[in-house]
Every structure is written in C-alpha cells, then in structure tokens.
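**Q** Residue numbers (my numbering), protein chains in the order written: chain A, 201 to 548; chain B, 9 to 174.
Mixed in with the good hints there might be a few duds.
Covered by chain A, per the in silico footprint, the following chain B stretches (three or more residues, Cβ under 8 Å) [unchecked claim]:
| no. | stretch |
| --- | --- |
| 1 | 9 to 15 |
| 2 | 34 to 45 |
| 3 | 115 to 128 |
| 4 | 132 to 146 |
| 5 | 155 to 163 |
Hints in this document: simulated from the structure, not taken from any laboratory.
We treat Cβ as the ideally placed atom computed from N, Cα and C, and that holds for glycine.
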Amino acid sequence: MCDQEQLMAYLDGEAVSGMVAHLEECVDCQALAADLHGISARMREWEIEPPSVGLDRRVRAALAPLKKTGRRRWWPWVLGTVSVCAVALVAVAIRPGPHRGFAGLADAPMAAMPPATEQGSSPAAAPLIARIAQIVLTTTAFDPARRALDDILAHHQGYFGDMNLTSPTDTGRTLTAAIRVPASQLDATLGELRRLGHVESESQSGEDVTAQSVDLDARLINARHTEERLTDLLRQRTGDLADVLAVEKELDNTRGEIERMEAEQKALATRVAYATVNVTLTEGHPALAASTFSRLRNAAADGFHSLAAAIVAVALFLLAWGPSIVVFGGLLWLGWRGVRRFVIRKTL
Amino acid sequence: MDSDETLIADFRRGSRDAFEELFARYREPLYGFFRRRLDSRERAEDLTQETFLAVIRGAARWEPRALVRTWLYGIALKLLYAERRKLKRNAPPGEAVRGNAAETTMWVRQALAKLDETEREILMLREYEQLDYAEIADLLRIPVNTVRSRLFRARMALRDCLKGEA
C-alpha cells in the first residue's frame, strides 16, 4: 500500500527517503503525482496584480525617521520618537498591573514576534513567589534562645534584616526581628525556630511576583533598545548642537530609568530568593503557685457566677416557654377534669 | 545576495538600504497574501503596509533563531485574523466568493471556499507563499504531521472539484 501523504511531502520538497525509486515503479503514485502537479498548476493560475505605488510611498514615509541624511529634518522625528518612548516608559512604570503592550495595531504584530522576546512570560515557567512567615514564641530561657537564633541564621545562611530588643523593668524582654533566609531553607528554619520556646502563633503567606517580574523585564528591554537607538544617534552627530544636547538629555534620562529598573529587578530577585520570617520572642516567667485563700476566693467567685448564670437561664426559659406552658397546661387540666367527672358519673 | 536574516540584522544596526531590500523582496508576496484572502484591494494594501510598519517597530525584537520569512508571515497572519474578526462583526452573515475575476480564478476561489478553514490556510500557505511544512506548523502552532495530513486532504478535495468540473 503506497503512502500517498509521503509522496505528496516528497513532491513538496520535504525530506522523504526511498521515494524516487518507488515513484519510478508505482503507476498509482505516478498518477497521484500528476494530479498534484495539476492542482498546483491550476492554483497558480490565480495571479495577483502588483500593489500600487501608494504602498511604497506610505511605507517609505514611515521609514523616513531612520534617514541618516537631511540635517534639518531628522531631529523632530527623533525627539518625537524619544518623547513618545519616554511617556510610554513613565506610563508603564506607574501602572500597577502587568504590561500588556500598546493597544490596537501593535498588539497583533508584537504577539507574533519570536518567543524569545517574551522573556520569562512562558506559561511553563515556574511562578516567582516571595514567601513571608510570622512566628510568635514565648520562652523562659531568653538568653539561650537568643543565642540559638544566631546559630540558626548562621546554619541556614540567613541574616537579620531588622532587629529590635526591648527590656522593660516590669515585664520580660521582647525581641522582634525580621530575618531573611534562602527560600529553600524556610521550612527547616521554621522547624528549628519552633524549638526555641512555646509557639503562641505562626502563619505563612506567599506573594506571586511573576507578573511584576515579567513586566519589569519587558520595560527594561524597551529602555535598553531606546538607549541603543539614542546612542547610535549621538554617534552620528549630524544635527545642531541643541539637537545633540537634547538627545544627550534624553539618553541620561533613559539611563537613569534603566538603573532604577535594574535595582528594582535585583530587589525583586532577592525577595524571591530569600524568604522573610518575622520572629517575636518574648521572655515569660513560670506561673506562681496559687495560695489556699486565692483558690477559695476563686471558687466562691466561680460559684457566684454559676448561680447568676443559672438564674438567668431559668428566667430566659420561663420567658421563652412560660406562655405556651400556661395555655397548653390549662387546656390539659380542663380536659383531664372533664374526663374525670365523666368517669365518676358513670361509676355512680 | 544577502539573506533575509542578514538584512534584518543590518536594518537593526540602522541600515535603511537593508530595509529597502527586504521591502522589495516581500512587497509583492505579502500583498498577494492579503489580496488572496481579502476582497478589498485597499485593505490588502493597508495590511501590507501595517506588516512593514510592524517590522520597522519590532525589528529590535527579532532574534536570529526565527526565520525572517516565518516572522513576517506570522505578523501578516495576526493582522489577517484581526481583520477577519472585524469583517465578521460588520458584514452580513453568509460568506460568498465575489468579484469579477477570470473564470479560472473564480474556479480556484470557489474550490478553496469549500475547504475547511484551517485546511484552506495550510494549502494557501504552501501553494502561494511557498512555505515548507515546518514553517506552516510553526505559524499555525500545529504539529508537522497534522500539516501534512490536512494539506493532503485539502488537495484531494481540490482534485475532486477539478474532476467534477471536467
């Protein structure tokens, strides 16, 4: 049985092995090949007239800003383009959501760009999560716990982001610290922190910063392209001094923006790479043994509270059910009385 | 002759001549792409222009691992789909092959109109744009084997039309 699809692929110039010899021998395949040639020939009869010269004119007009010559005409285009880029950068920078690109026409072609341009936006890429944990501990051995905290940080390659120690005269000491540990070490670190004392409360949360990161990458790429273009323009230096200065100013602004975004990018990477653990460590004292008098006083107070609660409960019950009990009880009593009289009469 | 990829790389470095060369190469093929798929000559020219404008704007984003030709037709396809969505919203229901083209052209157009939309697109990309199977698969985001089987089905359907006509 001939593989007709293979034959077609061979005729289309695709890499198919062993088809030449087969085609020489197989009559069916020769007929199919003739049909396929015939179809292609018929289809190519549909010819298209050339486009009008208007198309060339319009495309070349769009290309005009890239002209290297024409000293008097290049700068308005350059400044216009730079201004638009700067406005777009600022608009994107103050926008909280992920960057979606320019609306309208640009959306379609940009979406068709090679995938490498959409750095980090692949749906298959792992999400970037900044993890945060809170833990509140109480310990009677404050100093050893404080030293153990340092050891835990050293062991997990973490560091203190922020630390505050208070020692009031009337109560125990309190240490509040924001510690940063590698995200992969978070669970192990929490496990060791729990052993420092009694855990009063603990919580964990994660912030997905994937969109923020992708947005930042895209803005950075755009800004670098703008920088490249401006640098090229400066290199040519074909305009007046004022034009050159204007381009230099824009270049400075763009570089400042790039540096700011790079710093933001590093900060974001650190937030993802290092989890934050907010630790509160409070010094607690052992409870004093209660005296007999205190116990009696507490028991009396409890008894009084129980009595008051019972009275309130009875009052509530009577108010809630009293009217029903009176009505139905009265009816039952009357019924019972009638029955009793009837029975007595019969007996007599 | 410089390759398309060399030209786009030169254009990225600021060579206007490189773009002119690229424009000269793809001006008619891209216009033909739109013209065969749309009724309006004006819209075909507009969309060809928009494709080149997208190239001017997005040349910096092109990376050597993609063929320029595939990239160009990718842009053209996106624009075409957008145009079709717009036409579908505005046009009355029912699609018919219109125009006063020559009889042979009408036959081809009518036969193509009978095909499934994806099969028609694959066939046209192969016959008119001369894209290979891998390029078509890349553009339409379907496996190469699917391209081959659908292309075969489309051609067999056209062969039946041709025989019916005879």
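**Q** Hint by hint, say whether it matches the structure.
**A** How the hints compare with the structure:
1. 9 to 15: The restraint on the stretch 9 to 15 of chain B is violated, since only 0 of its residues have a Cβ under 8 Å from chain A and three are required.
2. 34 to 45: Result for this restraint: holds, n = 6.
3. 115 to 128: Satisfied; 3 residues make the cut.
4. 132 to 146: holds (count 5)
5. 155 to 163: holds (count 5)
The structure is inconsistent with hint 1 alone, although it conforms to all the rest.
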